[in-house]
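Position chains B, C and D against the provided structure of chain A, taking the given hints into account.
Listed here are the chains, written in short residue letters.
4 protein chains.
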Amino acid sequence: MARMEKIRIGMVGGGEGAFIGAVHRHAAALDGQYELVCGAFSRDAGNNQRTGDSLSLDAARVYASWETLLEKELKLPEQERMEVLVIVTPNHLHVPISIAAMEAGFHVFCEKPAALNLAEAKSLKSHLDNNNVLYGLAHTYIGYPMVWQARQMVLNGQLGNVRKVYVEYPQGWLTASEETSNKQASWRTDPSQSGGSGCMGDIGTHAFGLLEFILSQKVTHLCADLNTVVEGRRLDDDGAALIRTEKGASGVLIASQVCAGEENALKIRVYGDKGGLEWQQMEPNSVIYRPLGEPYRVYRAGGGQPGLYDEAAARCRTPGGHPEGYLEAMANLYTAFAKAVRAKQTGTAEGVPGLTSGIRGMAFIDAMLSSSKSETKWQAIPDTE
Amino acid sequence: MARMEKIRIGMVGGGEGAFIGAVHRHAAALDGQYELVCGAFSRDAGNNQRTGDSLSLDAARVYASWETLLEKELKLPEQERMEVLVIVTPNHLHVPISIAAMEAGFHVFCEKPAALNLAEAKSLKSHLDNNNVLYGLAHTYIGYPMVWQARQMVLNGQLGNVRKVYVEYPQGWLTASEETSNKQASWRTDPSQSGGSGCMGDIGTHAFGLLEFILSQKVTHLCADLNTVVEGRRLDDDGAALIRTEKGASGVLIASQVCAGEENALKIRVYGDKGGLEWQQMEPNSVIYRPLGEPYRVYRAGGGQPGLYDEAAARCRTPGGHPEGYLEAMANLYTAFAKAVRAKQTGTAEGVPGLTSGIRGMAFIDAMLSSSKSETKWQAIPDTE
Amino acid sequence: MARMEKIRIGMVGGGEGAFIGAVHRHAAALDGQYELVCGAFSRDAGNNQRTGDSLSLDAARVYASWETLLEKELKLPEQERMEVLVIVTPNHLHVPISIAAMEAGFHVFCEKPAALNLAEAKSLKSHLDNNNVLYGLAHTYIGYPMVWQARQMVLNGQLGNVRKVYVEYPQGWLTASEETSNKQASWRTDPSQSGGSGCMGDIGTHAFGLLEFILSQKVTHLCADLNTVVEGRRLDDDGAALIRTEKGASGVLIASQVCAGEENALKIRVYGDKGGLEWQQMEPNSVIYRPLGEPYRVYRAGGGQPGLYDEAAARCRTPGGHPEGYLEAMANLYTAFAKAVRAKQTGTAEGVPGLTSGIRGMAFIDAMLSSSKSETKWQAIPDTE
Amino acid sequence: MARMEKIRIGMVGGGEGAFIGAVHRHAAALDGQYELVCGAFSRDAGNNQRTGDSLSLDAARVYASWETLLEKELKLPEQERMEVLVIVTPNHLHVPISIAAMEAGFHVFCEKPAALNLAEAKSLKSHLDNNNVLYGLAHTYIGYPMVWQARQMVLNGQLGNVRKVYVEYPQGWLTASEETSNKQASWRTDPSQSGGSGCMGDIGTHAFGLLEFILSQKVTHLCADLNTVVEGRRLDDDGAALIRTEKGASGVLIASQVCAGEENALKIRVYGDKGGLEWQQMEPNSVIYRPLGEPYRVYRAGGGQPGLYDEAAARCRTPGGHPEGYLEAMANLYTAFAKAVRAKQTGTAEGVPGLTSGIRGMAFIDAMLSSSKSETKWQAIPDTE
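Chains as they are written, first to last, in the UniProt record's numbering: chain A, 1 to 385; chain B, 1 to 385; chain C, 1 to 385; chain D, 1 to 385.
Here chain A stands alone, though its shape is the one from the complex (with noise of 0.2 Å):
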C-alpha cells in the first residue's frame, strides 16, 4: 500500500457567523482524508480573511470571490490544486457554482437543496455528464449507520410488504418572527435565496429523501397542506402531506418550523406485514425493531454490535455505547465521497447522495407547492430517472 495523499478541498461560503460552513469542515477533517487548502469565505473582505486564518490557510489561496478562485486554483500546478469544490452558500448560488466548478473539473460537494427548482436541478445534469467529476449532495441524514441498517432491513424483508410510513420533521426556532429570532432565518426565509419554497425546501426535503432512501421506492402521490403560519413571512414555514409510494404504500410527511420547542425531531417509521421500525434523528444510534408476535428489539449503533447489517457497521468509528452523532453522519458522506475521488469514478459516489437525490427533491417540492395551491386532492410527483 502506497502512502495515502489527503485530498485538497476548497469552500465557498462559511465565513464567520455562518453555520453549515463549519460543520463541513468537521466534517471533511473527521477521518483524515482533505486537507482544505483555500476558500471564498465571506464577500466581506475581512471576515474572508479571518475565516482562512483561522483555518490555517495560506493567504494567497483565501480569495476574494468564486470566480476567482475557479481561475487561479486552475493555473496551479495539478499536484497543489483543489480538486473537490465544497459550496455552502445560500441556496441560490448552488446551481451557478456548481456548474462553473464542474466545467472547470472540479469535483462538487454541495449543501442541499441543489438548486432552487426542478428545472435549475436538471440544468446540473449535462455538466456533470460532460466532465468527468463527482456530484455529491449533503443530504446528511443519509449518512447515519442506523439509517443504512433501517434501508437494509427494508431490503431483507424485516418487514415485509412495506404498507405504511410515517416521516415527520418539527422544528420551533421559526415560531417567532424572523426581527427576534435567529439571523439565519433571514435568507432562508427570502424566495430569492432560498428558492420556492421555506420549510419544504429547507427541512421537507430531508424528509422525504430519507424516506425514498430507507423504503427504497419512490413516492408517487401526495396531498399537500403548506401554511405560512408566522404573518409577514413570504414563505411557507410549515407543512404536511399524505402521501402514496410506487409499491402501495401509504403515509403521511411532516415537515414544520414553527412547533415551538422543538429542535430537529426528525423521525420516521415504516410497518409491513411482518414488522415495523422506527429511527430518531436526535437518539441516532438506535433503530427499533417490531417483528410481529415477538417482543421489540433495538439494533444499537457500534463496532461490534448484534445485528447490524456491514452498510451500518461500517459507518461506525467507535465500538457500541460510545455515541456518535451529526458531525459523524456528514463525515460518513465526505469519506465515502473520498473513497470514490481516489478511485477516479465519475457522477455518483457510492454512498452518497448525488444530482438524482437533487433532483428528487426539487420534483417533491415542486409538487408540494402545486399541490397546496390545488383544489384537487391528489398531486403526481414526476418520475424523475
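Where hints are given, some of them may not hold.
It does not matter which identical chain is used: a pair holds within one copy or between any two.
[What the hints assert, rightly or not] Computed cross-link-like contacts, BS3-like style, restricted to lysine-lysine with a CA-CA straight-line distance of at most 30 Å: (1) K373 with K274; (2) K122 with K218; (3) K373 with K247; (4) K218 with K125; (5) K125 with K75; (6) K72 with K267.
For the record, the hints were derived by calculation from the structure and aren't laboratory data. The model shown is predicted, which means the values in this text are computed figures rather than measured ones.
For chains B, C and D alone, kept in the frame of chain A given last:
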C-alpha cells in the same frame, strides 16, 4: 354528611370473552361508588349465567336479554332498582338500547361509539332531553388526569395561540387478517355490527375526541385518505387526514390498525406561539411542556405534584410516583358520572363526555368517509351544536 | 359453578387524610372480590364516622376502636361477619392488631412492615400457625406482572448464573424537614410509631423484598451505611449497602428519601452470564432483556403480549397498550388472597407475600442497623427460614 | 489576527487493530487545530508502516520505536518538529514515555490512566514541573458539554448543599472470558500491562473522576468490594464502593464489566437540599434538573439552547438538535489543549484533566484495592494535592 349509598348499575353485554365489559366493571368498582345489581351479559345462556355468578349477582337479576332486563328492573321497588345501565354490546345495539333505557327512566353509560352514524346519534337527543336522565359516553382517554392538565394548559394560555396539532393512534393488532388474528377483530370489521367505518370508528374517534377536548375548539375541515390495507377486510383499517380548526390551526390526524408491533400508541402534540405540549397514552402520567426559549419541563401526575391544575390533581388517587393507568382513567369517568347522578343532574355529567361528544364523533366519521371518496381536497365537518 | 360470594373485609386505620388506606380500598374493590363491611378508621370519632359514611357502611359497623371491631364482629352470624381484617395503621400497631385478629379467627391482610423489628415479627408466627388463618403482607411491588416476568426469567435461566444485582429506591419527599414537608412524614420519622429505622423500614424493605423475590435466592451479607441527612430527624432517611447472596452474586442496594425531585424510582437490574434484565416501578409495564450477543428486547405487559410467562400474563387485566399501575399491582395481591380465602387455605396465600417475607424484611432492617453502626465491613443477615 | 498555524502532533501506539488511537486521531482532527506529523504506531513494522501510509504521513517520520521518534524529532528544525506527543499505548508504557517526552521538551497528551499506580503517577510530577511543558490526560467524559453544565449547576448552587451522589459505569463486554470475547480484553486484564486493577483502572477511574469533577469536591473515604467474577481472570472485573466526600455527602460508586448487555452506561446523579441532577453518557446531550417543588426540566446541549452555562455552550459545535457525541467530547479536550499550547502555558491546560487528575485516579485505585482486601469498613483516600 349522610351515609353515601352506592349507585346501582346494570350491564348489557360483557359476558365471558368480551374485553371492554370487564374494563367497565373494574372501573366502576375502583372508587367504591357503584354496586352492580343486574345484567344481561350474553345471549348465550350459559355464558350469561356464569358471568352473573362470577360477579356475585343474584341469579334472579341475570336476565336473558336487555329487553327483559329493562322490563323486570322497572317492576322492582325504586330503592332496589338499577339506576344506571352500562352498555357494552357491539356498536349496532348502542342506540336501540340507549333509547329504551332512557325511555324507561334509566341513566345510560355507553361504550363508544354512541351510534353507527351521525343520523342515528342525533336520534338519541330527544330521548335524552325528554326523560330527565344522564347520558355518558366512555371516551376513556378523557379520563386521564394529564389530558385535563393539557387542556388546562391550552385554556390558560401556556401555549399562546394554538397553531399546530398532531394526533396519532397507531395500533398493530389488525396487521394480519381476521382469520389468523384476535377474535375481537371479527365484529369490529363487520359493517353490520360496527358501522360504516372500522379503524376510524374504533380509534380514529378517540384521536379526534382527544384533540377537540384538549384544544377546546372544533375541527372544521379535513382531507382524508382511508385505506383497507388487509385484503378481504370490509372496512377501513387505516387512515390519515390533514385537518383545520375553527381558530385557524392546522395539523394531522393519524389512526391505523396495521402498524405492526404498535400497541395503543395514542399521542398528541400541540404547538402555539408561546410553547408546545405532548402527551402519550402509554406513558400517561407525564405531560411535556416546551415553553418557548426555556428548557422543556415535565408535569407529572399525582397528589401534591408541582404545577398541576386542579382539574388534573383531582383525578389522581395516589401521590406522585405511583403510576395510574387506563382503568383509573375510566374510573374517573365513572366517578364523575356518579357525582352527577347523586346531584340529580340530567343530560350531561360534568367531566364525562356525553351525547354532544357522541354526535361529534359521528360527524367526524361521516366526514372522513366522505372525504376519502372525494377527489376534492377539503371536506367540511358539519357544526353539530 | 355456583355464585361467587364476595369476601367480607373490615379495615383498621385509613380514615380521612391517610394515604394507604384508600389505596387498599381501591385495590380490594378493583376486581369485585371483596365487600367492605366494617371499619375502625380513626380514633377521631368524626373522622371515623365520615369515613364510614363515605364508604357506604352501615353506621353500626363503624367501630370506635379495633378492639371493639373484633369483639362486635365476632358476635355477628358467620355469614355476615367480616372474614378478613385489613390493617393500615401506623407500624407499631401492626403486630398487636394482627395477633388479636388471628386469635379471633380472622384472616389478616397487613400493610407493611409486618412489625417494628425482627423479634416482634417472629412473635406472629405461632399465632398464625395456631389459628387456621391466612396472613398477607402488602409488599405491593410483588403484585406487578412484570416483576413476576423478571422472576420467571431468572428461574428459567434466561440470565444464566446470576452474578450482579443492583436495586435502588430513591425518593425525594423527605428532602426538606418535617415542619415544611408532607404530613405523612411525621409518624414515619417517629421511632415509637415507625420502628428503629425510617428509610430502610419504609422503602429499603421494598427494595430488599423485590430483590430476593426476583432472584429466588437470599441475601446473606451486607455492608451498610445509613444516614440521617436532615438535621433533627430521629431516624435514618437514607442509606446504601453492598450485598452478597447465597449463590455468590454481589451487588448494591440503595434507598433514600432525600433525593430531591425523585418520586418512587424503584428500579432493579440483574445480570448473569447469559444476559441481564431491568425493571422500573415508574414504567412498570416493561422489562428490558439483554441477552448476551443479541440486540436487547423489551417484554411488555398485557393480555396476549409475546414472550410473557403465565405468571405475568395472569396478572394483567387488559390487552397490551392499556397501562396498568400501582393500584392494579396491589389488586393482584388482594385477588390472589381472595383465591386462597375461598380455597380455605391457611398460612400463606399463593402469590401473596406472607409472614416469611415479613420476618425476612425485619431481619434485613436489623442487619442494616447493626452494620451501619459497625466498623467491620460485612454483617451476616440471619437465615430466617 | 495572524494565520493560525496547526499544532504538530506525533503519536505512540494506535496501529491497526487498536481502538483508542483512532479515537484520538479523529478527535484531534475534528476542529482543525492539529496536524499529525509523525508516529510510532506499532512494534510490528508492517503495521507501523501501513498505519503511517493510511494517515498520509511522510515515511521518514514513521518511526520504529518511541525512543527513535523522540530522538529523531528533536533533531528536526523547531518549525517542523512535533510539538505534542499523544500516548495511546498499553498502560505500563504511559509513564516511561511521558517522562522521556517531557524531558525532551514535548507536551504530552496521554490516554488514561496516567500510570500503573499512585507512586508511579507521582513520579511524573517533577518532570512536568521542570520542563515547561503541558500534560493532558484523556479523561474523555470531562469533555462533554453537559458534564460542564452539571458542574456549573453545582457550583452555582442550583442543587443547594450536595448530600448524595450516585455514579455508575456498567459495561458488559467482559461477561464472557477472554478466550471468547474481544481482543481488547487481553491486555486490559493482564496485570503487567494494565496495573494492579482491571475494571477500576479501566472504567472505575472514569466514574470517580467524573464525580469529583461535577462535585468540585473530593471523595475522602470509601468502602469497596472488588470482584473477579469470571473464573481465571487475573484482575478485578467488577466492583462497587460506598463513599463519603469532604463536605459530608455520601453515595455509591459502581463499575462493572460483567453486566451482560450493557454498553458504556456511565451515569451520575447528584442531590442537594434544593434539587437534583442526572446525566448519562449514552444520551450525553441532556441534563435533567429536578428543582425541589417544581416540575423537572431538561437542559439540552447545543448552540443557543436556553439555560446553558458558558462552560457548556462553548463546548458545542452545532445548534440544538444536532447530536454530538464521544468524539466531540474528546475533541473538546484536544481543542482546549491546543489553546494552552498556543498560549505557551505550562503544567495543566485549562479545561483539560492534567497530572493532578491522574494522581487522583491512582489514589482512588489504590484505596479501592486496599479497602477491598480489608475487613474494616472505611478506607481513607489520601489527599493528593
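We went through each hint and held it up to the structure:
no.	hint	result
1	K373 with K274	between (38 Å within a copy, 29 Å between copies)
2	K122 with K218	within (18 Å within a copy, 44 Å between copies)
3	K373 with K247	both (27 Å within a copy, 21 Å between copies)
4	K218 with K125	within (20 Å within a copy, 49 Å between copies)
5	K125 with K75	within (26 Å within a copy, 54 Å between copies)
6	K72 with K267	neither (44 Å within a copy, 53 Å between copies)
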